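Sequences listed follow chains A and B, in order.
If you're matching positions, the first sequence starts at 1 in this note's numbering and goes up one per residue.
If you're matching positions, the second sequence starts at 1 in this note's numbering and goes up one per residue.
Wrong hints could be hidden among the right ones.
Claimed, not checked - Here are the simulated SDA-like pairs of lysine to any residue, each with C-alpha atoms no more than 25 Å apart in a straight line:
id	chain 1	residue 1	chain 2	residue 2
1	A	54	B	94
2	B	93	A	51
3	A	180	B	60
4	B	232	A	121
5	B	89	A	82
6	B	136	A	74
7	A	109	B	89
8	B	96	A	62
9	A	54	B	208
10	A	180	A	82
11	A	109	A	64
12	B	136	A	92
13	B	96	A	121
14	A	180	A	153
15	B	136	B	101
16	B	180	B	195
17	B	93	A	42
18	B	232	A	204
19	B	96	A	5
20	B	136	A	6
21	A	54	B	232
22	B	231	A	64
23	A	48	A	26
24	B	232	A	168
25	B	96	A	51
26	A	180	A	54
What the hints assert, rightly or not - To spell it out: a stretch of chain B is covered by chain A in this simulated footprint if at least three of its residues, at any positions, have a beta carbon under 8 Å from a beta carbon of chain A; those stretches are:
id	segment
27	36 to 44
28	56 to 68
29	85 to 98
30	104 to 118
31	152 to 165
32	205 to 212
To be verified - If you want a taste of the chain A side facing chain B, the calculated C-beta under 8 Å gives, among others:
id	residue
33	27
34	29
35	38
36	40
37	47
38	53
39	63
40	67
Quick caveat, the hints were computed from the structure, so don't treat them as lab data.
None of the values given here were measured: they were computed from a predicted structure.
The C-beta atom is built at its ideal place from N, Cα and C for all residues, glycine as well.
One letter stands for each residue in the lines below.
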Amino acid sequence: MKNYSFLIGGVFAVLAAFSVSILFDNLWIGFSSAFGVAVLWLWMLDRKMVNRLKDAGNRTIVRVVLILLVGLMLGLSVVHYQRAVQQDETLTNIRTTIIHSISRIEMEKSLLLALRHYHSLPSEEQTSLADAFQNLYNERLNTDGSWTPETPNDDEDIQFTYSIASPDSVVLSVTTAFTKGEDPEFLNNNNQTGLYQARAVLTERGVQYDREN
Amino acid sequence: MIVILLVGAAAGTHYYFTTQTMISKSAWWNNLVVQIVIPSFDISQYSIIESINQFGGSETESAQFWMSAGMSVMGFLIVLILAPWMLVKGYLKMEKSVNPDKLIPVWYAGAAVIVIAISSNAYYLSSYLTQHNENKTRIEARRATDELRNTMMNLAYDASELMILSSEKDYGNAGEVSLKMLPSYRELGQFEISIQEQLGDSVLTISGSLRDENMASKAIRDPVTIRITPKKDELFDYVN
Chain A
1 MKNYSFLIGG VFAVLAAFSV SILFDNLWIG FSSAFGVAVL WLWMLDRKMV
51 NRLKDAGNRT IVRVVLILLV GLMLGLSVVH YQRAVQQDET LTNIRTTIIH
101 SISRIEMEKS LLLALRHYHS LPSEEQTSLA DAFQNLYNER LNTDGSWTPE
151 TPNDDEDIQF TYSIASPDSV VLSVTTAFTK GEDPEFLNNN NQTGLYQARA
201 VLTERGVQYD REN
Chain B
1 MIVILLVGAA AGTHYYFTTQ TMISKSAWWN NLVVQIVIPS FDISQYSIIE
51 SINQFGGSET ESAQFWMSAG MSVMGFLIVL ILAPWMLVKG YLKMEKSVNP
101 DKLIPVWYAG AAVIVIAISS NAYYLSSYLT QHNENKTRIE ARRATDELRN
151 TMMNLAYDAS ELMILSSEKD YGNAGEVSLK MLPSYRELGQ FEISIQEQLG
201 DSVLTISGSL RDENMASKAI RDPVTIRITP KKDELFDYVN
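With the rest of the complex left out, here is chain A:
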């Protein structure tokens, strides 16, 4: 009966340790604590039951088998964890690279075309960069300050805005809804944190693209 209580105690201890993952909404935390508790329970099993085995050979077999089992499981768990982290990083990088390329095409290329348009005008028609920009992209400039991309996206992740800082300076900005940036603490223009954000500034000397996060 004593042995059964010990078994049931182990079951509840592991269940309780794993339930930590619900608190943190992270399965790896629950997994680690459950693993730790299970190893502790195995040590207690050794003290309580394995020690009671009369045959030294049997004691050795049990200990070697359990150490091998725990060692292999620990090794594979570390590999699985590393792979999961690596996979997450890879997917995040791919997403950021895609967003970075799209926003450069939508902002930097558009501003370069505005610059080309401005310089191609005869000097008597050249008023300001802002005018050239507005003339060229009149249909894409919305009254709420948003900028309609050349290729509209359906996933609603990328939001473009424009601002005419001065007659000789136009700024296009991009903020994302879920694509991560470099700094997780960065406060984005849309009041979210840690997301990709960039801006492109057009002046007479060219276009400056700055990734802000």
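Assemble the complex: chain A is given as a structure, and chain B must be docked to it using the hints.
Coordinates of chain B only, in the frame set by chain A:
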């Protein structure tokens, strides 16, 4: 008896849900065994699904969370609690028995689970370790390729800007662009970048490749070539 019923119920639930989704009926049994004897297997799968969902901006279903948590806990309980306890209990019974050669079912059940767990964990761990170096090289090659493409895009924007400004204003000669005139160009040990062709102020072709041939063979065999055409609306395009 209770344990058998619990395992039977869990197996039935697992069979129902997994064969309804992605696991074929023939692979179900093997999949169930692997998920139980390798408790980190399901957590790893869940993490990957979560990352894929985050990539697309969607949330992972809570049912998936509970399923992975349930399978992992069941794995811990069977492999690290129940099976070792049964093994030791079996040994104790054997030693107390008047007939030491008598079969003790509890010992066999515990030993069978442990043998399957050790062999499965050893097999998967050795497979991962064998593939580790190959995967590492492939990931490095992919990162280098991404960096190369990014560098080429930076050069393309710089060259477009330079050629627009040079041809329209007195900022230099658009027909004679060199890499050193482009702000984002710097001598990069990893990459071999060169100007392939320039046709006046209308076309400039830049090519870039990875210097490390071993890495290039795992990533991109052909150089990345960009044709810059500042007089066209696309400004530049990838030749390959």
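Against the structure, the hints come out as follows:
Between residue 54 of chain A and residue 94 of chain B, the direct Cα distance comes to roughly 11 Å. Compliance with the 25 Å bound is thereby established for this hinted pair. For a cut-off of 25 Å, the pair hint linking residue 93 of chain B to residue 51 of chain A stands: about 14 Å separates their Cα positions. With a CA separation close to 17 Å, the supplied pair residue 180 of chain A and residue 60 of chain B stays within the 25 Å bound. Of the supplied pair hints, the one linking residue 232 of chain B and residue 121 of chain A holds, its CA atoms being roughly 16 Å apart against a limit of 25 Å.
A distance of roughly 36 Å separates the Cα atoms of residue 89 of chain B and residue 82 of chain A; the hinted pair therefore is violated under the 25 Å criterion. Distance check on the hinted pair: residue 136 of chain B and residue 74 of chain A sit about 21 Å apart at the alpha-carbon level, within 25 Å; holds. For the hint pairing residue 109 of chain A with residue 89 of chain B, the CA-to-CA distance comes to about 73 Å; that exceeds 25 Å, so the pair is violated. In summary, the hint linking residue 96 of chain B to residue 62 of chain A is supported, as the alpha carbons are separated by about 17 Å, within the 25 Å threshold.
The hinted pair formed by residue 54 of chain A and residue 208 of chain B fails the criterion: a straight-line CA distance of about 72 Å is larger than 25 Å. Taking the CA atoms of residue 180 of chain A and residue 82 of chain A, the gap is near 20 Å; set against the 25 Å cutoff, the hint holds. A C-alpha spacing of about 66 Å is found between residue 109 of chain A and residue 64 of chain A, which places the hinted pair above 25 Å, so the restraint is violated. This hinted pair checks out: residue 136 of chain B and residue 92 of chain A have alpha carbons roughly 18 Å apart, not beyond 25 Å.
With a C-alpha separation of about 102 Å, the suggested pairing of residue 96 of chain B with residue 121 of chain A is violated against the 25 Å cut-off. Pair hint residue 180 of chain A plus residue 153 of chain A holds up; C-alpha atoms about 18 Å apart against a cutoff of 25 Å. Taking the CA atoms of residue 136 of chain B and residue 101 of chain B, the gap is near 52 Å; set against the 25 Å cutoff, the hint is violated. Taking the CA atoms of residue 180 of chain B and residue 195 of chain B, the gap is near 11 Å; set against the 25 Å cutoff, the hint holds.
Proposed proximity of residue 93 of chain B and residue 42 of chain A is supported: the alpha carbons are some 19 Å apart, at most 25 Å. Restraint check for residue 232 of chain B and residue 204 of chain A: satisfied, since their Cα atoms lie roughly 20 Å apart, inside the 25 Å limit. With a CA separation close to 20 Å, the supplied pair residue 96 of chain B and residue 5 of chain A stays within the 25 Å bound. Distance check on the hinted pair: residue 136 of chain B and residue 6 of chain A sit about 45 Å apart at the alpha-carbon level, beyond 25 Å; violated.
Only pairs whose Cα atoms come within 25 Å are accepted, and residue 54 of chain A paired with residue 232 of chain B is rejected, the gap being roughly 88 Å. At roughly 75 Å between alpha-carbon atoms, residue 231 of chain B and residue 64 of chain A are farther apart than 25 Å, so this suggested pair is violated. At roughly 33 Å between alpha-carbon atoms, residue 48 of chain A and residue 26 of chain A are farther apart than 25 Å, so this suggested pair is violated. Among the hinted pairs, residue 232 of chain B with residue 168 of chain A is consistent with the structure: their alpha-carbon atoms are about 24 Å apart, no more than 25 Å.
A threshold of 25 Å between alpha carbons decides the hint, and for residue 96 of chain B with residue 51 of chain A the separation of about 15 Å falls inside it, so the pair holds. For the proposed pair residue 180 of chain A and residue 54 of chain A, the alpha carbon gap of about 60 Å is over 25 Å, so the pair is violated. Remark: the segment 36 to 44 of chain B is confirmed as covered by chain A, as 6 of its residues place a Cβ nearer than 8 Å to a Cβ of that chain, reaching the required three. A stretch counts as covered by a chain when three or more of its residues have a beta carbon under 8 Å from one of that chain; for the segment 56 to 68 of chain B and chain A the count is 4, and the coverage holds.
Restraint check on the segment 85 to 98 of chain B versus chain A: 7 residues with Cβ-Cβ distances below 8 Å, three needed, restraint holds. Only when three residues or more bring their CB closer than 8 Å to a CB of chain A does the claim for the segment 104 to 118 of chain B stand; here the count is 3, and the claim holds. Counting residues of the segment 152 to 165 of chain B whose C-beta lies closer than 8 Å to any C-beta of chain A gives 6; at least three are required, and the coverage claim holds. Against chain A, the segment 205 to 212 of chain B contributes 0 residues with a C-beta closer than 8 Å to a partner C-beta. That does not satisfy the three-residue criterion, and the hint is violated.
For residue 27 of chain A, the shortest C-beta to C-beta distance to chain B is roughly 5 Å, which falls under 8 Å, so the interface hint holds. The closest approach between the C-beta of residue 29 of chain A and any C-beta of chain B is roughly 10 Å, which is over the 8 Å cut-off, so the hint fails. Nearest Cβ of chain B to the Cβ of residue 38 of chain A: about 4 Å, under the 8 Å cut. The hint holds. For residue 40 of chain A, the interface hint is violated, since its Cβ never comes within 8 Å of a Cβ in chain B; the closest pair sits about 11 Å apart.
Below 8 Å, beta-carbon pairs count as interface contacts, and residue 47 of chain A has none with chain B, the closest being about 12 Å; its hint is therefore violated. Annotation: interface hint on residue 53 of chain A holds; nearest CB of chain B at approximately 6 Å, less than 8 Å. Look at residue 63 of chain A: its Cβ only gets to about 10 Å from chain B, farther than 8 Å, so that hint breaks. Hint status for residue 67 of chain A relative to chain B: violated, with the closest Cβ pair at about 11 Å, above 8 Å.
In terms of the numbered hints stated before, the structure departs from hints 5, 7, 9, 11, 13, 15, 20, 21, 22, 23, 26, 32, 34, 36, 37, 39 and 40, listed from lowest to highest.
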